[in-house]
Structure formats: C-alpha cells, structure tokens
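> The lines below spell out each chain.
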Amino acid sequence: MTQLGVHDATADSGEVEKDILRFLEAQTKRSWDPRVDLFAAGGLSSLFAMQLVVHLEQTHGISIRGADLRLDNFRTVASMVALVYRLRGAAGASGA
Amino acid sequence: MHLKTEAQPGTPGGQRIAVVGAGVMGVGIATLALVRGLPVLLVDVDEARLDDARARIAAELRMAQLMGRHSADAATGVLETATTAGGVAERTVVIEATTEDPRIKAKVIAELSAAVRPGTPLVSNTSSIPIDELASFAERPEEVVGTHFMNPPYLIPTVEVIRGVRTGEDTMAALGRSLAALGQQPIVVKDAPGFVTSRVLHPMINDAARIVQEGTASVEAVDTLMENCLGHRTGPLRTADLIGIDNLVDSLRVLFERTGDEGCRPCELLLEKVRLGQHGRKSGRGFYEYTN
Numbered sequence: 031m032t033q034l035g036v037h038d039a040t041a042d043s044g045e046v047e048k049d050i051l052r053f054l055e056a057q058t059k060r061s062w063d064p065r066v067d068l069f070a071a072g073g074l075s076s077l078f079a080m081q082l083v084v085h086l087e088q089t090h091g092i093s094i095r096g097a098d099l100r101l102d103n104f105r106t107v108a109s110m111v112a113l114v115y116r117l118r119g120a121a122g123a124s125g126a
Numbered sequence: 049m050h051l052k053t054e055a056q057p058g059t060p061g062g063q064r065i066a067v068v069g070a071g072v073m074g075v076g077i078a079t080l081a082l083v084r085g086l087p088v089l090l091v092d093v094d095e096a097r098l099d100d101a102r103a104r105i106a107a108e109l110r111m112a113q114l115m116g117r118h119s120a121d122a123a124t125g126v127l128e129t130a131t132t133a134g135g136v137a138e139r140t141v142v143i144e145a146t147t148e149d150p151r152i153k154a155k156v157i158a159e160l161s162a163a164v165r166p167g168t169p170l171v172s173n174t175s176s177i178p179i180d181e182l183a184s185f186a187e188r189p190e191e192v193v194g195t196h197f198m199n200p201p202y203l204i205p206t207v208e209v210i211r212g213v214r215t216g217e218d219t220m221a222a223l224g225r226s227l228a229a230l231g232q233q234p235i236v237v238k239d240a241p242g243f244v245t246s247r248v249l250h251p252m253i254n255d256a257a258r259i260v261q262e263g264t265a266s267v268e269a270v271d272t273l274m275e276n277c278l279g280h281r282t283g284p285l286r287t288a289d290l291i292g293i294d295n296l297v298d299s300l301r302v303l304f305e306r307t308g309d310e311g312c313r314p315c316e317l318l319l320e321k322v323r324l325g326q327h328g329r330k331s332g333r334g335f336y337e338y339t340n
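Residue numbers (this note's numbering), protein chains in the order written: chain A, 31 to 126; chain B, 49 to 340.
It cannot be assumed that every hint is accurate.
What the hints assert, rightly or not - Away from chain A, derived, C-beta distances all over 12 Å, residues of chain B:
hint : residue
1    : Thr-131
2    : Thr-132
3    : Pro-150
4    : Glu-190
5    : Met-220
6    : Ile-259
7    : Ser-266
8    : Gly-283
9    : Leu-290
10   : Cys-315
11   : Gln-326
12   : Thr-339
To be verified - Listed next, the in silico BS3-like pairs over lysine-lysine satisfying Cα-Cα at most 30 Å (straight line):
hint : chain 1 : residue 1 : chain 2 : residue 2
13   : B       : Lys-155   : B       : Lys-330
14   : B       : Lys-155   : B       : Lys-238
15   : B       : Lys-238   : A       : Lys-48
16   : A       : Lys-59    : A       : Lys-48
17   : B       : Lys-238   : A       : Lys-59
Claimed, not checked - Examples of chain B residues toward chain A, derived with CB under 8 Å:
hint : residue
18   : Glu-181
19   : Phe-185
20   : Thr-282
21   : Arg-286
Quick caveat, the hints were computed from the structure, so don't treat them as lab data. Just so you know, even glycine gets a beta-carbon here, dropped at the ideal spot from N, CA and C.
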C-alpha cells in the first residue's frame, strides 16, 4: 500500500464515521459516541443491527457476507468504520 | 456462538413443516425451520406474496446469521412454495399463520383439515383467538392445537402453546416433537382469549399508545421508561411496531369482543396508525421509522 493509499483511507474513514453517526442520529433521535457499545443495556435493540447492515451496504457499496455478518462488527461506530474500510479494500484488491 | 451443531441438516426426527400464510409470522416461522435445517413448504394463495416472502426469508436468514443463530457454513433447509394446500398431505406438521381474523382462520382450518393426513397436528398460530373456536371447523378437532410464536421466532426460543379442551394427547406429543426439532421450548397453557402473553401485553401496549395520544409523554419517553426503569428488553411501542399495529388492533378486537375488557378496546392512536398504513416495522413506519 502506498503512502497515498494510506492518506486516502484515513480521509475516507472520517467520512464513513460521519455518515454512520448521521444515520444513527436520524434513526434514534440522539447522538452517539463512536466507541460506545450501541447494543449494551440502555442502547439500541439488536434488531436495529440489520438496519445498519443494509445502510452500510447501500451507502458504501459493500457486501457484508459470510463471517463478517456478525453483531460484533456493528457494536460500535468505530468497528463499523473498520469493516467498511476493510471490505472496500478487499473489493479494490480483488478488482485490481 | 455459531450454532452449527444445532442447525445440522438431515430433518431431525423426519420433520417436514408446512406453513400456511406468508405474512410476517409465516415468514418468521418458515425462517426458523430453515435455520434448523428442516424442509419447509410455504403456502399462500397469492403468488406475488410468495415472491415477496422468498425475498424476505432471504433477508431473515441474514438476520439470523447476524445474531449468531445461523452459521454461514451451516446447511439451510429447502424451501418450497405453493399457492394450493395439496402438498400439506406429505407434511408432519401444518402451521397456519394467516391473518388474525377468526373467520379467515376458521376457513383455513376447515380446508387444511380436509387436506392433511389424519394424525397430523393442525396448528393455528394465533395471538388471541381461542383454539376451541377454531377446532369446531376441523374434521378432527382433537388434531387442532395453538401456538403463539414470538417475532422473530428464530431469535426467541420459547413458544406459548395452547391446548384446547378437545386437543388430543397424540396431537400434543406430535407437536412436542416438531417444536423440539425447531429448537423451541413450549410453555403449555389452557385455552382463553389472548391466552397469557397477549392477555397481559396487548392491553398494556394499548395503554402505552393511549398515554401518547393524551400527550402525557412521547413515544420515546414511554419506551425509554419501560426499558430503563422497568427492565423491559423492548418498550411497548417498539414492540407494537414489531408485532404489526394492524395485527395488534385485530388481536385487541378479538380480546375486547370476548372479554368485554375496556382496556382491550383499541385506542384512537392505534386505529389512526392502521388507517394511515403505518403498520410498524414491516411497512417502514409505525411509532418509529425503519429503513428496511
């Protein structure tokens, strides 16, 4: 990976984080810390996780399948950002 | 975390499930069986509804996987669909999950009773209709029994089972084998309008909606109080969205007509949601909005 690639990814992850926070805020009418466990007590219903999956797939052009489709990947905004970045990277690599 | 051993294929106990009615609960019960590796025949008179159901089952299977109830490499049962009930003769259990309307369910029970092999449990999945009312329409009332699966069934491994006054021992035993194959723990109760869960829960949801209607508190405030102060896993109004507000109103009407309990008379806000087509999660909007 080139230095340019690293730089792009960092800028990109900032946008992804902003998008997820915006989506969460719109859906839940409250703000969230990127590192808080969304599904811990007092947080979101686990059924909401599927809405996050669909949103990430539709907004960020990724397909979340196989072992990636597990709740732990959606527990925090930070873990979702990492997943989006990783799957985008994998798609780029497989397309190269 | 992954339940590969529980979701092994091979139709445990030779179970072959038929589900009649491709609404929310029909799709949920079918998904449960498929996750458990069981073959499913899903019957609905409407071909377009079956097309939609296949897509929704695919989405529900993803949900099951997301929640650790189905592993990506575990075999899923084979799904067949049909617009007529003829195929139920080859099934070990038939579960009707049609609209919560006593007239519709009575007609379906009569048709299915003529189509199943004698000795097959004929299960009505209902949230409130007394089972013995429905059994009267069957050729063999002793084969009719009730279940009340929670939504989504593949995430909630306990099911309310309703034994009607005429339900036979053999039917109870056969249903027990089917539920074991589905990984469900049955809690058997006697027959009454709303049984246990709906008789307790539905008037409470009605009250929660009435509180919002009267302006005492917002939807979010009601749910947050019930969740954070009283420890409910899901607040009553989000639960209403999950049940389907149209189904909830149908169920409340059944309860009100049979008990006379004013607390079961659907409040105006629930009726308005139904009029506006805001049926909850399945329609994208109820008390909350949903993106899928």
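> None of the hints should be skipped; say for each whether it holds.
Hints, one by one, checked against the model:
no.	hint	in the structure
1	Thr-131	holds, 29 Å
2	Thr-132	holds, 33 Å
3	Pro-150	holds, 30 Å
4	Glu-190	holds, 38 Å
5	Met-220	holds, 32 Å
6	Ile-259	holds, 18 Å
7	Ser-266	violated, 10 Å
8	Gly-283	violated, 9 Å
9	Leu-290	violated, 7 Å
10	Cys-315	holds, 23 Å
11	Gln-326	holds, 16 Å
12	Thr-339	violated, 5 Å
13	B:Lys-155 to B:Lys-330	holds, 25 Å
14	B:Lys-155 to B:Lys-238	holds, 23 Å
15	B:Lys-238 to A:Lys-48	violated, 53 Å
16	A:Lys-59 to A:Lys-48	holds, 15 Å
17	B:Lys-238 to A:Lys-59	violated, 42 Å
18	Glu-181	violated, 32 Å
19	Phe-185	violated, 35 Å
20	Thr-282	holds, 6 Å
21	Arg-286	holds, 7 Å
The structure shown violates the earlier hints numbered 7, 8, 9, 12, 15, 17, 18 and 19.
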